[in-house]
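*Asks:* What follows is the residue order along each chain.
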Amino acid sequence: MSAPEPTDGLGSWKQFLCRACGLIYDEGEGDPDGGLPPGTRFADIPDDWACPICGVTKADFEPYQRRTRVAAAPVAIAPQRRPGVVIVGAGLAGWSTAEAIRAEDATIPITLVTACDGDLYHKPELSIALGRGLSPADLRRETGVEAASRLGARLMSETFAIGLSPERHSLRTTRGTLPYTHLVLAHGARPALPACLDPSLCWRVNDLAAWSGLHAELAQKPRNVAIIGAGLVGCELAEDLARAGHTVTLIGAEARPLPELLPEQAARRLLAGLGGLGVSFLGGTLVNGLARRKEGDIALALADGTSLVAETVIAATGLATPSRLVRGAGIAFDKGIAVDPATLRTSAPDIFALGDCISIAGSPCRYIEPVARQAQVIARAILGWESPGYAHAAPVIRLKTRSAPIELHGVPVAGAPWHVTEESERRLAMEQRQGGEVVAWLAA
Amino acid sequence: MASAPALRLVEAPIGAASAVGPDWTDEAVLARTTAIAEGPLSTAATSIDHGDYPLDIMGQLGAAGALGVHLDRHGGRFGLSLAAMQAASRACGATGFLMWCHDVCGLYLEQSGNPALTGAVLDDHLTGRTFGGTALSNPMKAFAGIEPILLRARRVPGGYRVSGMLPWVSHIGPGQYCGAIAGVVGAGEAISHEIMFLLACDRAELRPCPQFSGMEGTSTWGLRLDEYFVGQDDLIADPARPFIGRIRAAFILLQCGMGLGVTEGSLDSMHAVEEPLGHVNQFLHDRPDAIAAELAELRARVIRLAETPFEGATDYLIDVLDARAQVAELALRASQSALLHQGARGYLMSAAPQRRIREAHFVAIVTPAIKHLRWEMARLSQDILPAATGGRA
Chain X
1 MSAPEPTDGL GSWKQFLCRA CGLIYDEGEG DPDGGLPPGT RFADIPDDWA CPICGVTKAD
61 FEPYQRRTRV AAAPVAIAPQ RRPGVVIVGA GLAGWSTAEA IRAEDATIPI TLVTACDGDL
121 YHKPELSIAL GRGLSPADLR RETGVEAASR LGARLMSETF AIGLSPERHS LRTTRGTLPY
181 THLVLAHGAR PALPACLDPS LCWRVNDLAA WSGLHAELAQ KPRNVAIIGA GLVGCELAED
241 LARAGHTVTL IGAEARPLPE LLPEQAARRL LAGLGGLGVS FLGGTLVNGL ARRKEGDIAL
301 ALADGTSLVA ETVIAATGLA TPSRLVRGAG IAFDKGIAVD PATLRTSAPD IFALGDCISI
361 AGSPCRYIEP VARQAQVIAR AILGWESPGY AHAAPVIRLK TRSAPIELHG VPVAGAPWHV
421 TEESERRLAM EQRQGGEVVA WLAA
Chain B
1 MASAPALRLV EAPIGAASAV GPDWTDEAVL ARTTAIAEGP LSTAATSIDH GDYPLDIMGQ
61 LGAAGALGVH LDRHGGRFGL SLAAMQAASR ACGATGFLMW CHDVCGLYLE QSGNPALTGA
121 VLDDHLTGRT FGGTALSNPM KAFAGIEPIL LRARRVPGGY RVSGMLPWVS HIGPGQYCGA
181 IAGVVGAGEA ISHEIMFLLA CDRAELRPCP QFSGMEGTST WGLRLDEYFV GQDDLIADPA
241 RPFIGRIRAA FILLQCGMGL GVTEGSLDSM HAVEEPLGHV NQFLHDRPDA IAAELAELRA
301 RVIRLAETPF EGATDYLIDV LDARAQVAEL ALRASQSALL HQGARGYLMS AAPQRRIREA
361 HFVAIVTPAI KHLRWEMARL SQDILPAATG GRA
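Chains as they are written, first to last, in the working numbering: chain X, 1 to 444; chain B, 1 to 393.
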């Protein structure tokens, strides 16, 4: 029962929200039980009127602004009768596992739980995309919803895995608790940011969402960018940003880039290549803190007491596997989720792990190349099929610095001597031996 | 009880403990609480459900130590405090909730460091000689960005004047008190910060609430303040946010005692009919052995978290929120299953299973509700990134 359209010239009936209990007072409907006939304007309500539900007075009401409905997180739903396989993470490792299972079994239920939107992209492209003028849309190969529908899987996007009970085969998430027959942990690693670097002042490029933010910031005009960390990602981004026209300072903690991996001669070639693109390298430098200046740019406080100013700061200070979920479940963790090197099983029953989040014999395993093979092994184990098992080998490391590409094979021992096997202006080849065996070699 | 909390009792200042609770050993507190729960509280549970406010029983629980052992002055035994709340909630969820209200109010007083609040006022409170609760539902949601803050304070000479209305506050009444938070309004009606204070009900207006579907014996009122004066002696924290940040995990963790007790009581109801009805109940979901196993695992996790209630790490807070959410989900499932196990006899208005369903619903919706817990866990799990400044530069 509401009053007809108003004729008092004050516009349409308005609504007011009780801040205490959420009741909505509609002028057109009034509050007949409380003595307000339909068509009572809010301004005309006496001060001693009380909210019919909770008793607060008029002063605790505010104009009701309809909130835009929360867009339902895109959830692709396939019929789920049995618990099936639950995969945590929808990056390359998660989707590869879903693909590998679906390729062999059309019916087993698959659910992917992911903190992001689940869109598919090729992660190594993130460190070469700016120089090629690519946009987030260019990098996205398929949306998560499309991939889930193609694979007949359920995708729970923007959902965090919070707790795990291996005994009961149950995973707690921010959208409810999921039972599983098999659980696959494919949630990757997260940037390990030193506590002295304010996360709201520096970008970390480890996923498409973060890269898209950086892309938006850099898209306006050439900027003065500082990159903290001269490891693989730092060096690749330095080159990529320089190619995209930005002024780049690369800051390394040691005297030369990639000190753990590269001998001095190779590092010199790398620096010469980056220098040729205009990248300045600041070696032996630690950053103690970041602060926004009133000019809008960011001051980097250096350990020697000096400072540096940049418009954009990127931290490439390495990755660490989050451990709260697995430690809370009593699953073995050693710099990553410890897995059996042949079966990729964790220490808990029916829980597997692959990709950036695992460690094999205490070494984190953070390369793309083995992921597809890992997914195959896990899929066959889940389906109960025989499998030759996963054979772990140190992946080839390719530094995607086109100015001075470097390819590294084997597992170099930090600090051990390297020997030049070939050196010319165009090519450097070196190797590292231990007990007569070549343990690592590189070509630059 | 675990031995670690007991050890910490030894380290507590001896003088303070001996003044009011000379024999509050872990064993004695739990034994006396259990005796109260199984005796007078079990008898009164139905009448409490219908509206009797059990201050006499709360007084007994206070004398037994059940309302004070979590405080630093009595060894900071949060695990024991949770166990006592669980024991009472097993008989009556509403009383478990009153214990939580009372416990956190004691926590505010002690953590305030205000000499006017940490002396006789606190000793009377923690022994159950006086009673008071907490009005933090709205500010907790306000701090999480869920709704605006309802009480507004203005600076005046010697303190603040606070006005506003809180719709439902429990464990208060004439002569009682509660911890409350108001936003301090400065120039331009903007809120500069918040203050937390001990609110004396006798200087406020108590308004009756509509009838609730359960928990009617918790003395829940609307609370209206009109230019209520807050002086130095009433202040718990100014500013309030850092204080809340410090006690938030402890505040939420303590609530777990309610849900664990409601679950345990539900198990009792299932076991009670196992002999006559087991032959058909075997076809039900969430059988007692499954519920008992989850309860044991969850309880052990809660007790472990209770060893470090003031830890500041984000991971710890997420662990607490996760446990609290699981407690609520388990209480819902267990109480539902208990009613299905008992059938018609559990559906009688006087039967414990139907009461526990309403108690479990309360555990699931009281702040922080399951949805708030998930919202907060998602917020805390998100990476912090710069706001893209591309447009500005």
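FYI, nobody ran anything at the bench for these hints, they're computed from the structure.
Everything numeric in this text was worked out from a predicted model, so none of it was measured.
One thing to keep in mind: the hints can contain errors.
[Said to hold, decoys possible] Which residues of chain X face chain B? A few of them, derived with a C-beta cut under 8 Å, are:
| # | residue |
| --- | --- |
| 1 | Tyr121 |
| 2 | His122 |
| 3 | Ala192 |
| 4 | Pro194 |
| 5 | Cys196 |
| 6 | Ser200 |
| 7 | Gly328 |
We put the beta carbon where it would ideally sit given N, CA and C, even for glycine.
*Asks:* Give a verdict on every hint.
*Replies:* Against the structure, the hints:
no. : hint   : verdict
1   : Tyr121 : violated (17 Å)
2   : His122 : violated (21 Å)
3   : Ala192 : violated (12 Å)
4   : Pro194 : violated (14 Å)
5   : Cys196 : violated (15 Å)
6   : Ser200 : holds (5 Å)
7   : Gly328 : holds (6 Å)
Checked against the numbered hints above, the structure violates hints 1, 2, 3, 4, 5; every other hint is satisfied.
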